[in-house]
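Take the sequences, apply the hints, and build the full model.
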Amino acid sequence: MMTVSADPIDAGAALSAFETDIGGAGGIVSFTGRVRPDSKHGSVATLHLQAYSPMTERGIEQAIAQTEKRWPLSGLKVIHRIGDMAPGDTVVFVAAAAMHRRDAFEAADFLMDYLKTNAIFWKKEVTDQGVVWIEPRPQDYEENARWALTEDA
Amino acid sequence: MMTVSADPIDAGAALSAFETDIGGAGGIVSFTGRVRPDSKHGSVATLHLQAYSPMTERGIEQAIAQTEKRWPLSGLKVIHRIGDMAPGDTVVFVAAAAMHRRDAFEAADFLMDYLKTNAIFWKKEVTDQGVVWIEPRPQDYEENARWALTEDA
Amino acid sequence: MVQLLYFGRLSDVAGKSEEALTLPETVTTTTELRSWLDLRFEAEGALLEPTVRLAVNNEIVFDPHPVRGGDEIAFMPPVGGG
Amino acid sequence: MVQLLYFGRLSDVAGKSEEALTLPETVTTTTELRSWLDLRFEAEGALLEPTVRLAVNNEIVFDPHPVRGGDEIAFMPPVGGG
Numbered sequence: 414m415m416t417v418s419a420d421p422i423d424a425g426a427a428l429s430a431f432e433t434d435i436g437g438a439g440g441i442v443s444f445t446g447r448v449r450p451d452s453k454h455g456s457v458a459t460l461h462l463q464a465y466s467p468m469t470e471r472g473i474e475q476a477i478a479q480t481e482k483r484w485p486l487s488g489l490k491v492i493h494r495i496g497d498m499a500p501g502d503t504v505v506f507v508a509a510a511a512m513h514r515r516d517a518f519e520a521a522d523f524l525m526d527y528l529k530t531n532a533i534f535w536k537k538e539v540t541d542q543g544v545v546w547i548e549p550r551p552q553d554y555e556e557n558a559r560w561a562l563t564e565d566a
Numbered sequence: 414m415m416t417v418s419a420d421p422i423d424a425g426a427a428l429s430a431f432e433t434d435i436g437g438a439g440g441i442v443s444f445t446g447r448v449r450p451d452s453k454h455g456s457v458a459t460l461h462l463q464a465y466s467p468m469t470e471r472g473i474e475q476a477i478a479q480t481e482k483r484w485p486l487s488g489l490k491v492i493h494r495i496g497d498m499a500p501g502d503t504v505v506f507v508a509a510a511a512m513h514r515r516d517a518f519e520a521a522d523f524l525m526d527y528l529k530t531n532a533i534f535w536k537k538e539v540t541d542q543g544v545v546w547i548e549p550r551p552q553d554y555e556e557n558a559r560w561a562l563t564e565d566a
Numbered sequence: 002m003v004q005l006l007y008f009g010r011l012s013d014v015a016g017k018s019e020e021a022l023t024l025p026e027t028v029t030t031t032t033e034l035r036s037w038l039d040l041r042f043e044a045e046g047a048l049l050e051p052t053v054r055l056a057v058n059n060e061i062v063f064d065p066h067p068v069r070g071g072d073e074i075a076f077m078p079p080v081g082g083g
Numbered sequence: 002m003v004q005l006l007y008f009g010r011l012s013d014v015a016g017k018s019e020e021a022l023t024l025p026e027t028v029t030t031t032t033e034l035r036s037w038l039d040l041r042f043e044a045e046g047a048l049l050e051p052t053v054r055l056a057v058n059n060e061i062v063f064d065p066h067p068v069r070g071g072d073e074i075a076f077m078p079p080v081g082g083g
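If you read the sequences in order, they're chains A, B, C and D.
Sequence positions in the first sequence follow our numbering and run 414 to 566.
Sequence positions in the second sequence follow our numbering and run 414 to 566.
Sequence positions in the third sequence follow our numbering and run 2 to 83.
Sequence positions in the fourth sequence follow our numbering and run 2 to 83.
Rather than coming from a laboratory, the hints here were simulated on the basis of the structure.
As the structure is a prediction and not an experimental result, all values here were calculated from the model.
Fair warning: there could be bad hints in the mix.
Stated by the list, open to error - Each computed DSS-like pair below joins lysine-lysine, with the alpha-carbon atoms no more than 30 Å apart:
| id | chain 1 | residue 1 | chain 2 | residue 2 |
| --- | --- | --- | --- | --- |
| 1 | B | Lys453 | C | Lys17 |
| 2 | B | Lys453 | A | Lys482 |
| 3 | A | Lys536 | A | Lys453 |
| 4 | D | Lys17 | A | Lys453 |
Pasting the structure below:
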């Protein structure tokens, strides 16, 4: 259900495996996030992601549990890569399955918001301009706040 | 960019091909819709989908153009199956790629709403209770209406 | 000769999904075509329903729309979606 | 002996991502640990920032939290997300 590892991610293979695992449920939404070739800091050579195990995994598991509590899902999967990556490499793959497509869309979206803002990863970009550690962007907080507004008590 | 055919759909392979085609763009959202094993009419043996070519294809192409106009995307793909399908078979695969994940999520969601409501397909369920042609569900209209409310002039 | 296509549940009403036939001289519009076919199939109004749209040569038309030899005319009940 | 972990930009500040050392007797809380290490690394306050959270044995703690031999203590700057 959740993997954090330095192994490359093959999104197509991950989607196939997920669809096989969950059986015949109606709709599956997947999200693939890849390393961008350019950032505001320059042309990216390497993206380095650090996790703190098992705290990182525990945080993702809690987010998965929260997502499953909130939407009626038949499956949920997170694969997150750490270590050194090149532009175009897949950093994260999320998939959600549900009988109703709206639930699958919202669950995948919500989980991605968690992963992009609150998940315990530190990120370093090596660009043609130098090396920089990336800390949160204001817009990430805003997107996460979208959900907080409709949070159940 | 758009295919309507009686060939089986392999969502994992379709996602891999799409990701290869679009190059290094940031985020990719996919949706896979599969034949449900049960419907309100009974236990499903066969789902039959009819299209009217080239009107069906033209409608989907227009929806794709509308989606691309509305969100800044680096790629968009629709594969729709027609003919006879069994439960668990993939009916539709949609993928959207964008630099920002919100755009990819919204574009895939919007396009699915079109396909589920306004796309020109006729659908027949063969269940253990008999044979029934499926016409629109009120909730499908509602989901589509979500977008109309925020439609640009 | 015109080519007639019956989609969705209308293929059950017509007992076929398509046919080629020569229209009688009295049938010159989509409105007249609906009435004539509805009687011919004893469809009890199924072809007259306003939610059943007609397409002539792959374009949705509004009744009454002229029909003539060589046309492909499709009877389209509400679409069920993909 | 405690195990110290420095994440994100703090690994640059510390010049390492982890180390094992014996704390002086005067360092018994996370607050004292921050000050002692900040001086030791000449970090000019980088380890004192409130946005830098400390985890003791894999649990985020609030200053001052006791530290003792055998602890794993992590210095965590704001997370950058995945």
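For this session: Run the structure past the numbered hints and jot down the numbers of the failing ones, going up.
Result: none
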